[in-house]
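S.K.: Same order as they appear, the protein sequences are chains A and B.
Going by numbering that gives the first Met the number 0, the residue at position 167 of the first sequence is 166; the numbering climbs one at a time, nothing skipped.
Going by numbering that gives the first Met the number 0, the residue at position 54 of the second sequence is 53; the numbering climbs one at a time, nothing skipped.
Rather than coming from a laboratory, the hints here were simulated on the basis of the structure.
Only a predicted model underlies this, so the values are computations on that prediction, with no experimental measurement involved.
Idealized CB from N, CA, C, for every residue including glycine.
A few of these clues could be false.
Unchecked claim - The calculated label-pair distances, taken between Cβ atoms and stated as ranges, are:
#1 G69/A x V43/B: 48 to 58 Å
#2 D139/A x R93/B: 54 to 64 Å
#3 S51/A x Y44/B: 40 to 50 Å
#4 S25/A x G12/B: 57 to 67 Å
#5 E17/B x R96/A: 26 to 36 Å
#6 P29/B x R97/A: 33 to 43 Å
#7 A28/B x D139/A: 21 to 31 Å
#8 L11/B x S25/A: 53 to 63 Å
#9 Q68/A x Q67/B: 29 to 39 Å
#10 E144/A x V40/B: 31 to 41 Å
#11 Y44/B x S195/A: 19 to 29 Å
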Amino acid sequence: MNDAEAPGRPTPDAEPAAVPSRAGESREVAARRWVADHGDILWKFALARARSKEVAEEIVQETVLAAMQGFGTFAGASSERTWLLGIAAHKIADHFRRLRRAKSPGAPEISPDATCACAACRAMFSEKGMWACVAKRWPDLKLSETERADQAQALRACIDALPPGQSEAVWLRDILGIPAVEVCKAMGLTDTNLWSRMHRARVALRSCLDTKFGLSKEKGK
Amino acid sequence: MIRFVRDMLRVLGMPCREHVVLFSRQLDAPLSRGETFGLRVHIVYCGGCRRFREHLRHMQSLGQTLAQQAETEPGLPADVRERLNARVAQAAKRN
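Please model the entire structure based on the sequences and the hints provided.
M.R.: Here it is as structure tokens:
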């Protein structure tokens with residue numbers, strides 16, 4: 000599915016056409032405009048990841064202040080909103096890295112190389128690269144709104160358990176639906192970096208959801 | 000045409016470990032027509048890859064549900080906005 004095929008998504012890039020003349024705008028005026036135009040999405044992003052209003056406020060504040068410092072560096076390579084979201088993503092990842100260092104090493108986290116959750120097989124693939132086991136079907140999405148909302152929350156919990164840096168990339172790319180090119184620019188990644196980060200994250204998420212949905216696996220193809 | 004056939008044959012000759020990488024990449028960047036067709040043919044006979052793609056689509060759909068949920072959540076609270084603007088003014092003065 001590419002971006003054009005996701006009509007249901009909100010479009011974070013659809014900016015209020017307020018960007019026209021930034022020339023001559025002071026840093027303070029620009030920062031106030033960022034708060035007015037992009038404050039909501041930055042807040043939602045930070046709150047969704049941090050799940051604490053205090054931490055979210057800190058992150059949004061750090062983001063705006065960092066953006067003020069880098070005011071001259073924004074060259075319009077990505078949309079202003081994506082640029083700010085990229086700074087926020089780094090701040091959020093830093094927050095979780097600090098938290099992780101402070102916590103005991105046994106803190107719950109999906110391994111970046113999480114493979115098949117199947118008890119019968121230790122890896123997703125055989126040595127030859129073929130499937131070691133085939134996961135079963137997940138509960139149908141068409142069941143009910145509640146069921147769907149529950150599944151979405153399960154996904155959210157799995158995203159939270161990803162390593163810092165991966166969670167933010169997934170949030171920007173797969174939840175907010177920001178085009179891959181923009182996410183690369185915002186997070187300072189090459190496209191191959193992003194592809195492999197997204198792939199590792201999606202495999203880990205799939206494995207995590209598979210255990211949450213509680214379905215067993217069958218061996219073989 | 001030559002490129003199409005070459006890409007398709009390359010994909011069909013890959014192990015599934017590499018197919019899943021392409022399924023994921025397809026969500027971020029367009030594959031060539033040959034690669035896309037190769038994957039389409041492959042999943043006709045590969046249950047593991049078919050299930051993987053199904054799960055990816057399921058997760059994408061749940062992602063949209065999460066995005067819709069986030070849309071309805073309240074934005075930046077007024078008090079936070081006020082503190083933020085005060086902090087911005089303070090930082091502007093300092094520099």
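S.K.: A separate judgement is required for each hint: does it hold in the structure or not?
M.R.: Results of checking the hints against the structure:
1. At about 50 Å, the CB distance of G69/A to V43/B agrees with the hint of 48 to 58 Å.
2. Between D139/A and R93/B the beta carbon distance is about 57 Å. The supplied range of 54 to 64 Å therefore holds.
3. The given range of 40 to 50 Å is respected by S51/A and Y44/B, whose C-beta atoms sit roughly 49 Å from each other.
4. Look at S25/A against G12/B: about 59 Å separates their beta carbons, and that is inside 57 to 67 Å.
5. A C-beta distance of roughly 31 Å is found between E17/B and R96/A, which places it inside the suggested range of 26 to 36 Å.
6. The hint said 33 to 43 Å for the Cβ distance between P29/B and R97/A, and at roughly 38 Å that hint holds.
7. For the pair A28/B and D139/A, the supplied restraint of 21 to 31 Å holds, since their beta-carbon distance comes to about 30 Å.
8. Taken as a hint, the range 53 to 63 Å holds for the pair L11/B and S25/A, whose Cβ atoms sit roughly 59 Å apart.
9. The supplied range of 29 to 39 Å is met by Q68/A and Q67/B, whose beta-carbon atoms lie about 34 Å from each other.
10. The hint said 31 to 41 Å for the Cβ distance between E144/A and V40/B, and at roughly 37 Å that hint holds.
11. About 27 Å separates the C-beta atoms of Y44/B and S195/A, a value consistent with the hinted range of 19 to 29 Å.
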